[in-house]
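Put together the whole structure using the sequences plus the hints.
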Amino acid sequence: MVKAVPLWLRIAAGIFVALTALILLAPLVVVVGVSVSESQFIAFPPNGLSLRWYQQVLSSNAYLTAGWISLQIAVLVTVLATLIGGGAAIAIHRRQLPFSDFIATVFLSPLVLPTIIYAIGMLMFWSATFGPVNIATLAIAHTIIALPYVVRTTLAVLAESNPYLEEAARTMGANRLQRLWFVVVPQCVPGLAAGAFFAFNISFDEAVLSLFLRGPTLTTLPVQIYGQLEFSPDPSVAAVSTIMIGLTIALIVIIDRMLGLTKFASS
Amino acid sequence: MADVRLNTIRKSFNKTAVLHGISLDIRSGEFISLLGASGCGKTTLLRIVAGLEGVTEGKVEIDGRDVTQLPPEKRDIAMMFQSYALLPHLSVAENVRFPLRMRGIGNREEQAEKVRAALETVQLGHLSERRPRQLSGGQQQRVALARAIVSSPKVLLLDEPLSNLDARLREDMQVELIEIHQRLGLTTIFVTHDQEEALSLSDRVVLLNAGRVEQEGAPGEIYNRPATSFASNFIGSSNLLPAEIVDGATGPMARFADGQELALAASEAARGKVTLALRQEDLSLAADGAGPKVKIRTRVFLGARNRYVMTLAGQTLRALTPNDILLDDGAEVSLGIDPARIRVIRD
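Going down the list, the protein sequences come from chains A and B. Under the working numbering, the residue at position 232 of the first sequence is numbered 1222, and the numbers go up by one with no gaps. Under the working numbering, the residue at position 69 of the second sequence is numbered 125, and the numbers go up by one with no gaps.
Derived by calculation from the structure, the hints in this document are not laboratory data. Predicted, not measured: the structure shown is a model, and the values here were computed from it. Where a beta carbon is used, it is the ideal one built from N, C-alpha and C, also for glycine. Mixed in with the good hints, there may be bad ones.
Cβ pair distances, simulated, as ranges [as the list claims (entries may be wrong)]: (1) B/Phe69 / A/Gly1236: 53 to 63 angstroms; (2) B/Phe69 / A/Val1096: 30 to 40 angstroms; (3) A/Val1096 / B/Arg66: 51 to 61 angstroms; (4) A/Thr1238 / B/Phe69: 43 to 53 angstroms; (5) A/Ala1149 / B/Gly181: 28 to 38 angstroms; (6) A/Val1175 / B/Asp81: 36 to 46 angstroms; (7) B/Lys351 / A/Ala1149: 48 to 58 angstroms; (8) B/Gly193 / A/Leu1014: 41 to 51 angstroms; (9) B/Asp250 / A/Glu1150: 26 to 36 angstroms; (10) B/Gln179 / A/Leu1103: 51 to 61 angstroms.
Below, computed lysine to any residue pairings styled on SDA-like, alpha-carbon distance capped at 20 angstroms [stated by the list, open to error]: (11) B/Lys349 / B/Leu382; (12) B/Lys130 / B/Glu117; (13) B/Lys130 / A/Glu1157; (14) B/Lys130 / B/Val111; (15) B/Lys351 / B/Pro378; (16) B/Lys210 / B/Ala58; (17) B/Lys349 / B/Glu388; (18) B/Lys210 / A/Glu1157; (19) B/Lys210 / A/Phe1172; (20) B/Lys351 / B/Phe312; (21) B/Lys130 / A/Leu1170; (22) B/Lys115 / B/Phe69; (23) B/Lys130 / A/Phe1172; (24) B/Lys349 / B/Ser285; (25) B/Lys349 / B/Gly392; (26) B/Lys210 / B/Ile234; (27) B/Lys130 / A/Asn1165; (28) B/Lys130 / A/Trp1171; (29) B/Lys349 / B/Ser323; (30) B/Lys210 / B/Arg121; (31) B/Lys349 / B/Arg363; (32) A/Lys993 / A/Gly1004; (33) B/Lys351 / B/Ser390; (34) B/Lys130 / A/Glu1156; (35) B/Lys130 / A/Arg1169; (36) B/Lys351 / B/Glu388; (37) B/Lys130 / A/Arg1166; (38) B/Lys349 / B/Ser390; (39) B/Lys130 / A/Leu1155; (40) B/Lys329 / B/Lys351.
This is how it looks when you write it as structure tokens:
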């Protein structure tokens, strides 16, 4: 039996949890609050109530262009990371490749590599090899840092899958390709979907790579927000941030309804 | 439907031999059981017939054709796994249709008709749209069976398919397997460690021990005339007692280490040191009688029967008796057995 938790520890734990939640949620509350302010300045609590900053964001060319670029990159990254990461996870899971442990480490390494170092390296490498950066540069760079998430979520579902299914499929006449398409891939779907969600989010709000790999016509939404905040701060920054929060929550709800995301939050 | 011929199959894993040259001829439409304890090689042998394992040496023929080098998907077989191996993302009907789809058998309507017929055979027609995880273990079992028979394979391979079911369901499934086999006449190879299952289901039982065929024959033959001490011990769980056969006043007698004697059949020709195989259910116990005296150690109540654990000449002896035979622990009783039921094994 577990010994009863002493009262003081329970109170301490409660305070700790409450503080964590507060620090997590307070910034969001402030951002949403500022976004509906009437004031010219970023101030909390807000003065008055209006949606004028939302109107400003939705009629601002700079925000819309940046948003469109971010969306294009995020969709591209989602597709690329899911295809490559899913394929890598299946190959790693089967352990049929030589150096499969080494390959697994390589695919997970972007998790531990400082993004800023990768960003500098990518900028120097791309400029020296291909010239000016473009939307493909950023999509490739985002794909690299999104890959570990797809690999991990897919490996997690594969680890729980029944290893006899493929053998069973063989006895039912399924050849190699049929087994991959009708047996292995369907089992990966929950992991792929969760990984795709992570990939989209990582790309959509990534700032470090986007900052280093930007060009005159290549500014993503986070970079645009950062620039606005630096040079002419007004509550439009909060309004666009609130829109991003809303989008993310909508995505989480959709994925969770479809597949149960909570299963992967811990893996 | 086809015959299966295994020709001196040898199999080693990392230089450890698990099958030492097994040859078997399985007739078309025969139901054969591979019976043995875990690790005897029975599942490996089945997987070799399926093509999931290669052979180290030997030849596998199905329907007169050498398939030794053929991968499982090119052999016309079906296999039922211990874990059922249903595809979780497909409905019951789609699971059953899977082999037809993979092998390109028939068009959509013909496939649907075959699926319906197979599900009717296992009495699951009403659950065809369910997902496997919504079914009980017994129902999943039936889906796996329907999936195995739907494509009318040349050979049906069953790998301990009943071992995950509770006793009642297992009996139902045994009956169902017998009926389906009678109806479809599929050549069937059934792997089990359960002797009752093997004896009740099959036309022929192949008893395996440590990668070799210990004995093969019809269930009645295997049960009544075990050829070796291993077979006697494994089938019907006999008591094995060392004894010496001597000539007594009335015929041959088995003399135990403590000098007590047990009458043998007059026709018994063996003399000298042997092992007696006495089946638990053949032994009777009486408060007084002519047989050797044994001492009761424990009684285990099994419901319909009692099992008595006793000592005879320092050896442990077990007997199954009707449940109204009640004897006290520590009592000395005399042992009786029909001399014709005693198996004498010359070692």
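Evaluation of the provided hints:
The hinted range of 53 to 63 angstroms is satisfied by B/Phe69 and A/Gly1236, whose Cβ atoms lie roughly 58 angstroms apart. Checking the proposed 30 to 40 angstroms range against B/Phe69 and A/Val1096 shows it holds: the Cβ atoms sit about 32 angstroms from each other. Evaluation of the 51 to 61 angstroms hint for A/Val1096 and B/Arg66 yields a failure: the beta carbon distance comes to about 41 angstroms. In this structure the supplied range 43 to 53 angstroms holds for A/Thr1238 paired with B/Phe69, their Cβ-Cβ distance being about 52 angstroms.
The supplied range of 28 to 38 angstroms is met by A/Ala1149 and B/Gly181, whose beta-carbon atoms lie about 36 angstroms from each other. Between A/Val1175 and B/Asp81 the Cβ separation comes to about 42 angstroms, which falls inside the hinted range of 36 to 46 angstroms. Between B/Lys351 and A/Ala1149 the CB atoms are about 56 angstroms apart, so this pair conforms to the stated range of 48 to 58 angstroms. Checked against the hint of 41 to 51 angstroms, the pair B/Gly193 and A/Leu1014 passes, with Cβ atoms roughly 44 angstroms apart.
As the Cβ distance of B/Asp250 to A/Glu1150 is approximately 30 angstroms, the hint placing it in 26 to 36 angstroms holds. For B/Gln179 and A/Leu1103, the Cβ-Cβ distance of about 59 angstroms falls inside the hinted range of 51 to 61 angstroms, so the restraint holds. At roughly 17 angstroms between alpha-carbon atoms, B/Lys349 and B/Leu382 fall within 20 angstroms of each other, so this suggested pair holds. A distance of roughly 13 angstroms separates the Cα atoms of B/Lys130 and B/Glu117; the hinted pair therefore holds under the 20 angstroms criterion.
Of the pairs offered as hints, the one joining B/Lys130 and A/Glu1157 holds, with about 13 angstroms between alpha carbons and a cut-off of 20 angstroms not exceeded. About 17 angstroms separates the Cα atoms of B/Lys130 and B/Val111, which keeps this hinted pair within 20 angstroms; it holds. Between B/Lys351 and B/Pro378, the direct Cα distance comes to roughly 18 angstroms. Compliance with the 20 angstroms bound is thereby established for this hinted pair. For a cut-off of 20 angstroms, the pair hint linking B/Lys210 to B/Ala58 stands: about 5 angstroms separates their Cα positions.
About 6 angstroms separates the Cα atoms of B/Lys349 and B/Glu388, which keeps this hinted pair within 20 angstroms; it holds. Of the supplied pair hints, the one linking B/Lys210 and A/Glu1157 holds, its CA atoms being roughly 18 angstroms apart against a limit of 20 angstroms. For the hint pairing B/Lys210 with A/Phe1172, the CA-to-CA distance comes to about 24 angstroms; that exceeds 20 angstroms, so the pair is violated. This hinted pair checks out: B/Lys351 and B/Phe312 have alpha carbons roughly 15 angstroms apart, not beyond 20 angstroms.
For the hint pairing B/Lys130 with A/Leu1170, the CA-to-CA distance comes to about 17 angstroms; that is within 20 angstroms, so the pair holds. Taken as a hint, the B/Lys115 and B/Phe69 pair is honoured in the structure, with Cα atoms around 18 angstroms apart against an allowance of 20 angstroms. In summary, the hint linking B/Lys130 to A/Phe1172 is supported, as the alpha carbons are separated by about 18 angstroms, within the 20 angstroms threshold. Between the alpha carbons of B/Lys349 and B/Ser285 the distance comes to roughly 24 angstroms, so the proposed pair goes past 20 angstroms and is violated.
The straight-line distance between the Cα atoms of B/Lys349 and B/Gly392 is roughly 10 angstroms, inside the 20 angstroms bound, and the hint therefore holds. For the given pair, B/Lys210 sits about 17 angstroms from B/Ile234 by alpha-carbon distance, which is consistent with the 20 angstroms threshold. Restraint check for B/Lys130 and A/Asn1165: satisfied, since their Cα atoms lie roughly 9 angstroms apart, inside the 20 angstroms limit. Of the supplied pair hints, the one linking B/Lys130 and A/Trp1171 holds, its CA atoms being roughly 18 angstroms apart against a limit of 20 angstroms.
Among the hinted pairs, B/Lys349 with B/Ser323 is inconsistent with the structure: their alpha-carbon atoms are about 25 angstroms apart, more than 20 angstroms. Using a Cα cut-off of 20 angstroms, the hinted pair B/Lys210 and B/Arg121 holds, with the two alpha carbons roughly 12 angstroms apart. The hinted pair formed by B/Lys349 and B/Arg363 meets the criterion: a straight-line CA distance of about 17 angstroms does not exceed 20 angstroms. Restraint check for A/Lys993 and A/Gly1004: the C-alpha separation of about 18 angstroms stays at or below 20 angstroms, so the hint holds.
The straight-line distance between the Cα atoms of B/Lys351 and B/Ser390 is roughly 9 angstroms, inside the 20 angstroms bound, and the hint therefore holds. Using a Cα cut-off of 20 angstroms, the hinted pair B/Lys130 and A/Glu1156 holds, with the two alpha carbons roughly 15 angstroms apart. Using a Cα cut-off of 20 angstroms, the hinted pair B/Lys130 and A/Arg1169 holds, with the two alpha carbons roughly 14 angstroms apart. Distance hint between B/Lys351 and B/Glu388 is fulfilled; the C-alpha atoms sit about 5 angstroms from each other, no more than 20 angstroms.
For the hint linking B/Lys130 to A/Arg1166, the alpha-carbon distance of about 12 angstroms falls within 20 angstroms, and the restraint holds. A distance of roughly 4 angstroms separates the Cα atoms of B/Lys349 and B/Ser390; the hinted pair therefore holds under the 20 angstroms criterion. The suggested pairing of B/Lys130 with A/Leu1155 holds, with an alpha-carbon distance near 17 angstroms, which does not exceed 20 angstroms. With a C-alpha separation of about 24 angstroms, the suggested pair B/Lys329 and B/Lys351 falls outside the 20 angstroms cut-off, and the hint is violated.
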